[in-house]
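Asker: Sequence:
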Amino acid sequence: MKKTTVLIADDHPIVAMAVQEIVERDDRFEVVGIAKGPTELVQMHQQFSPDVVIADYSMPGDGIHGDGLQMIELLCRRFGDTRILVFTMLSNPLILSGLYHLGVWGVILKSGDFNEIAVALQALSQGRKYQPPVQALSNSDSQMQARAARLTMREYEVLRHFVSGLSGREIAALLHRSTKTVSAQKVSAMRKLGVENDQALLAFCADAQLFL
Numbered sequence: 001m002k003k004t005t006v007l008i009a010d011d012h013p014i015v016a017m018a019v020q021e022i023v024e025r026d027d028r029f030e031v032v033g034i035a036k037g038p039t040e041l042v043q044m045h046q047q048f049s050p051d052v053v054i055a056d057y058s059m060p061g062d063g064i065h066g067d068g069l070q071m072i073e074l075l076c077r078r079f080g081d082t083r084i085l086v087f088t089m090l091s092n093p094l095i096l097s098g099l100y101h102l103g104v105w106g107v108i109l110k111s112g113d114f115n116e117i118a119v120a121l122q123a124l125s126q127g128r129k130y131q132p133p134v135q136a137l138s139n140s141d142s143q144m145q146a147r148a149a150r151l152t153m154r155e156y157e158v159l160r161h162f163v164s165g166l167s168g169r170e171i172a173a174l175l176h177r178s179t180k181t182v183s184a185q186k187v188s189a190m191r192k193l194g195v196e197n198d199q200a201l202l203a204f205c206a207d208a209q210l211f212l
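Counting in UniProt numbering, the sequence shown runs from 1 upward without gaps.
Just to be clear, a hint being listed does not mean it is correct.
Said to hold, decoys possible - Straight-line C-alpha distance at most 25 Å; calculated SDA-like pairs for lysine to any residue: (1) K186 - H101; (2) K36 - A16; (3) K192 - M144; (4) K36 - Q70; (5) K186 - H176; (6) K180 - S164; (7) K186 - M153; (8) K192 - T179; (9) K186 - P60.
Said to hold, decoys possible - Restraint-style ranges between C-beta atoms, simulated for each label pair: (10) R25 - R191: 40 to 50 Å; (11) V163 - S97: 22 to 32 Å; (12) S49 - L202: 35 to 45 Å; (13) L202 - S178: 16 to 26 Å; (14) G194 - Q126: 39 to 49 Å; (15) G194 - Q46: 40 to 50 Å.
Hints listed in this document are in silico derivations from the structure and should not be mistaken for laboratory results.
Glycine included, C-beta positions come from ideal geometry on N, C-alpha and C.
Start from the sequences, fold in the hints, and give me the full structure.
Answerer: This is how it looks when you write it as structure tokens:
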């Protein structure tokens with residue numbers, strides 16, 4: 001029987017190897033490659049045409065194919081026949097709903113059990129989309145995570161690039177938004193998180209482990 005081919009995309013080698021080990025425990029699946037960035041992911045997809053992609057939502061962009069939301073949008077649009085699983089720290093129902101709306105087949109929370117990867121692949125092999133268990137969502141319900149859950153997907157994207165060291169102007173260019181819009185989204189996010197300055201914002205994001 002033909003194996004289901006899987007392409008993994010994660011910039012952390014240890015994480016990627018762990019995912020590969022879990023995937024290949026099941027003889028029905030075969031990992032055909034591991035990409036370390038969005039452009040390599042696109043190139044390897046064109047080379048192998050995998051049945052499934054498991055991609056880290058927070059994988060850094062490389063300026064060509066974007067990252068995060070842009071990367072997921074690109075994958076769903078260009079490779080519509082591929083079943084996409086997204087790895088993320090996000091537990092915000094609005095953002096998770098947005099990912100499914102884009103066309104992903106499943107979301108695996110990093111705060112959950114790594115073995116959920118196998119559960120998700122089982123669902124996909126049966127033609128079903130995978131939803132993270134309620135328990136995994138409730139485990140993220142600390143005070144910090146509760147505040148972070150109020151962020152919109154676009155606010156989250158702005159913060160992720162800000163934490164990586166980009167200026168407001170650079171973020172605006174990367175996300176194809178005006179500087180004014182990016183500034184407003186950052187201010188809105190800070191208000192929701194209850195922080196008053198950039199230093200406090202960086203500290204919050206680090207403590208809440210938003211961008212692991």
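Asker: Hint by hint, where does the structure go against what was stated? Just the numbers, ascending.
Answerer: none
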